[in-house]
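K.L.:
Turn these sequences into a full structure, and let the hints guide you.
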Amino acid sequence: MHHGKRTPDRDKARRTIALVGNPNVGKSVVFGALTGRYATVSNYPGTTVEVSRGSLRAGGDTLGVIDTPGVNSLVPMSEDERVTRDILLNDDIFCAVQVMDAKNLRRSLLITLQLIEMGLPLTLALNMYDEAGERGIKIDAAWLSDAIGVECVPTIATQGWNLDKLKDSLIRPRISQYQIRYHAAIEDGIGEIIKLLPQARIFARSLAVMALCGDTTIRAWFSSRLDAAALKKTGEIILSVQSKFGEPLGYLINKWRLKAVDALLQKSVSKEGNSKGRAASFIGSVTMHPVWGWPILLAVLYLMYEFVGVLGAGVSVDILQNIVFGKYLNPWATRVVELIFPSGLIHDLIVGQYGIVTMALTYAIAIILPVVGFFFIFFSFLEDSGYLPRLAVMVDRIFKLMGLNGKAVLPMVLGLGCDTMATMTTRILETKKERMIVTLLLALGVPCSAQLGVILGMLGSLSLSATVVWATVVVAVMFIVGFLASKVVQGEASDFILEIPPIRMPQLSNIVLKTLVRVQWYLKEAVPLFILGTLTLFALDKTHALYYLEAVTAPLIKGFLGLPIEATQAFIVGFLRRDYGAAGLLALQQQGKLDHAQTVVSLVTITLFVPCVANLFMMIKERGLKSALWMTAFIFPFAVFVGGVVNFILRALNLTL
Amino acid sequence: MTHDRAVEEVLEFIWSERERGSNSIKGLFGIKEVADEKADIKTLERMEKDGLVTLNGDTVVLLPEGELAAESVIRRHRLAERLLTEVLAMDPDSVEESACGFEHTLSPEVTESICTLLGHPPTCPHGLPIPKGACCKKEKDDLRPIVQPINELGIGESCRIIFIVSNSHMRMDRLATLGIVPGSVVRVHQKRPAFVIQIGETTLALDPEIIKEIYVKRVGGSSGL
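Keeping their order, the protein sequence lines are chains A and B. Residue numbering for the first sequence follows the working numbering, starting at 1 and increasing by one per position. Residue numbering for the second sequence follows the working numbering, starting at 1 and increasing by one per position.
Please note that the accuracy of each hint is not assured.
Stated by the list, open to error - EDC-like cross-link-like pairs, simulated, lysine to aspartate or glutamate; straight-line CA separation at most 20 Å:
| no. | chain 1 | residue 1 | chain 2 | residue 2 |
| --- | --- | --- | --- | --- |
| 1 | A | 244 | B | 37 |
| 2 | A | 400 | B | 209 |
| 3 | B | 191 | A | 499 |
| 4 | B | 191 | A | 495 |
| 5 | B | 212 | A | 192 |
| 6 | B | 38 | B | 17 |
| 7 | A | 232 | A | 192 |
Claimed, not checked - Short, incomplete list of chain A residues facing chain B, as computed with Cβ under 8 Å:
| no. | residue |
| --- | --- |
| 8 | 106 |
| 9 | 214 |
| 10 | 251 |
| 11 | 496 |
| 12 | 504 |
| 13 | 506 |
| 14 | 625 |
Hints are computed from structural coordinates only; laboratory data are not their basis. Remember, predicted model here, so these are calculated numbers, not experimental data. Beta carbons: idealized from backbone N, C-alpha and C, even for Gly.
P.N.:
Structural data, given as structure tokens:
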């Protein structure tokens with residue numbers, strides 16, 4: 001169903017279907033089913049932080065489809081919620097499809113009322129209908145549909161159940177006539193504000209309610225459309241309405257909505273029996289248990305080490321590097337190239353010491369790719385099971401010391417997959433201060449899967465104590481920097497309010513699909529940089545600049561860090577991608593040029609480098625040029641400094657690792 | 001046993017002056033609220049005649065009957081202050097005047113209800129002790145106030161939210177979008193390492209800061225939708 005290319009752009013702009021709903025209700029699954037495009041699907045709130053666009057062919061028409069980040073209210077509290085609200089506010093919506101969690105209709109309907117208030121054509125998908133059934137929840141969809149005047153289609157998106165029916169009804173969306181009336185004083189305020197408003201895409205009533213709710217993000221919309229007098233008047237109306245109540249208006253309005261929702265639920269939903277003794281809910285509880293949660297966390301880490309470190313970085317890399325590349329591909333490539341260019345610059349460029357095939361591709365495909373692949377399989381499993389939000393519960397207190405809360409663990413753990421993706425995911429955090437600190441910690445200390453795999457592979461060949469030293473240093477450095485950053489960075493921390501999804505058995509198809517998408521993304525992202533890094537080394541080598549560079553940095557590399565001079569090359573490419581730098585260190589270790597202590601020192605240093613050029617660009621995009629440059633200027637010297645300190649301590653104590 | 005407004009006001013200040021270590025009549029008449037009620041030495045003499053106080057030079061001392069009456073008015077005043085600051089989230093510095101109005105109109109039944117609603121608070125918002133009433137003594141027997149912060153509940157217990165006391169509008173708004181409003185039924189799932197509650201089929205982890213602000217009443221059975 002890839003019709004995207006045939007769709008003229010103006011058509012797309014004219015008729016758009018927006019998928020909206022609470023976080024973690026399956027919007028991205030529905031998106032995938034409707035458009036045939038894959039949007040990342042996981043089992044935790046906040047997976048989608050950027051909109052995905054696709055298209056859908058229905059009834060001879062092509063409609064654009066937008067997958068939006070989840071929201072709990074259309075009065076946004078975080079950046080990702082704002083994205084969704086802005087789409088509803090500014091785009092020409094042919095139909096809003098609200099994907100609802102059928103077992104949590106109370107919260108879903110709260111959004112439905114707001115969508116109705118906006119006057120958008122609407123269709124409801126009562127998704128996860130099976131989970132509601134398992135819990136004894138019965139929903140009278142027909143009654144609900146009549147009561148609010150829009151289609152309600154029960155669906156199970158992950159199984160594709162009833163999605164054809166959803167598709168049928170979303171091309172004939174209805175505008176609901178259902179309306180709730182708030183307290184008379186609030187209604188008066190709404191009436192007065194409406195008089196001041198110009199024509200808009202959505203109902204003026206909803207804009208007035210948003211203003212009364214104290215929505216600060218809508219101010220720009222108002223100030224660009226109203227003159228100064230009208231703006232002042234709006235502010236006065238809001239203040240005068242607020243002065244009549246002891247509680248904030250936004251809260252009161254939500255309370256009225258909930259009352260209306262409860263009245264609807266009373267007639268449409270019934271619950272029989274209690275879901276009890278289910279294995280999933282036991283796992284769900286025990287994984288965030290104050291005592292058992294910790295051994296489980298250690299077990300998860302150990303499994304990751306075995307799966308990614310040993311099976312991925314050890315066995316698979318060995319097969320690919322030594323047999324596939326070492327015995328077949330590289331000698332074969334060398335022979336082919338030698339036939340055409342027996343020697344000289346081009347020969348060296350392709351298959352020489354710093355050759356594109358012998359170095360860049362060997363590293364990218366033989367060393368990094370299996371590690372990344374294995375990691376993403378494991379990580380997808382964790383994501384889809386619902387374990388990650390439980391981890392957030394476990395570490396909330398620790399994160400509090402860094403001016404963050406447990407929610408920050410989501411981007412941090414995602415950083416173990418890819419720091420660039422994770423930097424984008426900081427949008428789920430509510431305050432600027434938190435986003436700043438997490439971006440810094442990601443750039444400083446969270447090794448991405450590619451690098452982690454190489455590191456685990458190298459440390460695995462040493463000893464457990466080497467791994468422990470490395471991990472302790474990195475974690476301690478992150479903690480100290482986080483703690484200090486929380487004192488330096490201005491702003492405030494936010495409340496820890498996190499929804500914990502049920503534990504679910506991951507779907508194999510989603511894991512495979514997600515891993516493939518991510519691996520593909522990795523290859524597109526990393527291979528060009530690997531080649532660029534190799535070309536840099538090649539150029540430096542051919543011009544003998546490498547020799548001088550090594551000589552210049554020798555006091556630092558040899559003296560301060562106590563490493564062999566060849567490590568300079570690894571650090572140079574480490575500026576481009578630190579996993580590439582780590583791969584260079586791995587090669588050194590395999591050649592027997594690094595002893596145990598040197599391995600640990602070099603790994604600590606490269607771990608603390610900025611992850612890659614792409615990550616730097618993402619930092620600039622998300623945090624602004626100035627902040628990104630400050631962070632970078634701090635990180636590189638600091639990484640070398642910590643490496644030097646570790647070197648000094650290890651030598652002084654004469655530890656055998 | 002009811003007294004007029006001026007007498008109640010004088011009794012209240014004899015009590016609170018005594019807490020500060022003073023029993024001077026001159027000091028008493030120097031207080032604004034007492035002056036506002038046009039209370040003078042004649043009022044005190046009338047009270048002496050009614051057996052509420054004894055006067056001796058510049059000193060005034062409460063007699064047992066006056067003691068009881070003063071305790072009652074102090075209790076009403078301080079409970080009213082607590083009600084205004086906790087339930088209506090008013091600033092402790094600005095509740096004084098409203099509380100003064102309340103103390104003269106609250107019936108004993110209403111006073112007990114307020115005391116129970118607030119979980120028999122030991123002190124007023126300014127930190128001064130609230131004299132115990134009959135309901136507080138009863139409370140010692142079953143030891144459970146009707147309304148209390150949700151963190152006082154045990155794991156697995158269900159409760160109905162009675163009120164949420166927060167100075168942060170944003171926090172109240174966010175809680176409301178998740179269905180955490182007065183009237184909702186929630187269950188305590190766990191208290192450590194972070195507080196986790198269940199509301200309907202939603203499981204939520206919440207900051208200890210927020211948890212302290214949610215006041216609830218126990219209910220039997222499991223949570224509703």
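K.L.:
Against each hint, give a clear statement of whether it holds in the structure.
P.N.:
We went through each hint and held it up to the structure:
no., hint, verdict
1, A:244 x B:37, "violated, 31 Å"
2, A:400 x B:209, "holds, 12 Å"
3, B:191 x A:499, "holds, 15 Å"
4, B:191 x A:495, "holds, 17 Å"
5, B:212 x A:192, "violated, 38 Å"
6, B:38 x B:17, "holds, 18 Å"
7, A:232 x A:192, "holds, 13 Å"
8, 106, "holds, 5 Å"
9, 214, "holds, 6 Å"
10, 251, "holds, 4 Å"
11, 496, "holds, 4 Å"
12, 504, "violated, 13 Å"
13, 506, "violated, 19 Å"
14, 625, "violated, 30 Å"
In terms of the numbered hints stated before, the structure departs from hints 1, 5, 12, 13, 14, listed from lowest to highest.
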